[in-house]
Amino acid sequence: KAGVTQTPRYLIKTRGQQVTLSCSPISGHRSVSWYQQTPGQGLQFLFEYFSETQRNKGNFPGRFSGRQFSNSRSEMNVSTLELGDSALYLCASSPGRGTGQETQYFGPGTRLLVL
Amino acid sequence: QQQVKQSPQSLIVQKGGISIINCAYENTAFDYFPWYQQFPGKGPALLIAIRPDVSEKKEGRFTISFNKSAKQFSLHIMDSQPGDSATYFCAASMGIFNKFYFGSGTKLNVKP
Numbered sequence: 001k002a003g004v005t006q007t008p009r010y011l012i013k014t015r016g017q018q019v020t021l022s023c024s025p026i027s028g029h030r031s032v033s034w035y036q037q038t039p040g041q042g043l044q045f046l047f048e049y050f051s052e053t054q055r056n057k058g059n060f061p062g063r064f065s066g067r068q069f070s071n072s073r074s075e076m077n078v079s080t081l082e083l084g085d086s087a088l089y090l091c092a093s094s095p096g097r098g099t100g101q102e103t104q105y106f107g108p109g110t111r112l113l114v115l
Numbered sequence: 116q117q118q119v120k121q122s123p124q125s126l127i128v129q130k131g132g133i134s135i136i137n138c139a140y141e142n143t144a145f146d147y148f149p150w151y152q153q154f155p156g157k158g159p160a161l162l163i164a165i166r167p168d169v170s171e172k173k174e175g176r177f178t179i180s181f182n183k184s185a186k187q188f189s190l191h192i193m194d195s196q197p198g199d200s201a202t203y204f205c206a207a208s209m210g211i212f213n214k215f216y217f218g219s220g221t222k223l224n225v226k227p
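Chains A and B, in that order, give the protein sequences.
For the first sequence, position 102 (counting from the first letter as 1) is numbered 102 according to the working numbering, and the numbering increases by one without interruption.
Position in the second sequence counted from 1, then plus 115, gives you the working numbering.
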């Protein structure tokens, strides 16, 4: 099976712009989670989508949003970019059987740099 | 508030030695504790995981020790190899949802 893919891999934006990142989960996986990884804050949970519904949300401002499509592909959007949004954004997929103890398979991430 | 605290931040071990990374948590509702390994330029990959109803789990050279009363768990890498040099993250989750709280990471360097 192909792994989790994320596009684009690298992105440079300026403050105030918005950005959309894309994630294609492993075939058959219905749960997609997004994480922000920075040297200072580590890995922080953004949100999880399951069957096109946001099931969980982390402590991030409303500028961070996401959605999931019927084929389980997911996008996350960050509006009004700030310098502090520079980070590696990771997507993880899992089967979504509802056990809460599923292996999460991470993609390689999208490196976002905000200037 | 950091839900999962990890130490040390970095670790240097000689080839063949034992690498030990520790994590502590506060929320007793956590019921699943995975460890992830991350190489530069890659996403984290699951290494081994444990539930609180067992005190130890071993998979090859990797062992998780779990102390429920102390709310601590640790990763032991036996016979450490240069190929183990990576960043290791502990994590915790609760309930039926995939919301994971990660530790701050430990950068392991195994010297040949």
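Treat the hints loosely; a few may be bogus.
[Said to hold, decoys possible] The calculated BS3-like cross-link candidates involving lysine-lysine, where the alpha carbons are at most 30 Å apart (straight line), are: (1) B:K130 to B:K214; (2) B:K157 to A:K57; (3) B:K120 to A:K57; (4) B:K183 to A:K57.
[Said to hold, decoys possible] Here chain B is said to cover these stretches of chain A; the calculated rule only asks that three of the stretch's residues, wherever they fall, bring their Cβ under 8 Å from a Cβ of chain B: (5) 18-24; (6) 33-44.
For the record, the hints were derived by calculation from the structure and aren't laboratory data.
Cβ atoms here follow ideal geometry from the backbone N, Cα and C, with glycine treated the same way.
Each hint tested on the structure:
This hinted pair does not check out: B:K130 and B:K214 have alpha carbons roughly 35 Å apart, beyond 30 Å. Of the pairs offered as hints, the one joining B:K157 and A:K57 holds, with about 24 Å between alpha carbons and a cut-off of 30 Å not exceeded. Taking the CA atoms of B:K120 and A:K57, the gap is about 21 Å. The hint holds against a cut of 30 Å. Proximity of B:K183 to A:K57 is assessed by CA-CA distance (about 27 Å); at most 30 Å being required, the pair is judged to hold.
Judged by the Cβ-Cβ criterion of 8 Å, the stretch 18-24 of chain A is not covered by chain B as claimed, because only 0 of its residues qualify and three are needed. Given as covered by chain B, the stretch 33-44 of chain A passes the check, having 5 residues with a CB less than 8 Å from a CB of that chain where 3 are the minimum.
Violated hints for the displayed structure, listed by number in ascending order: 1, 5.
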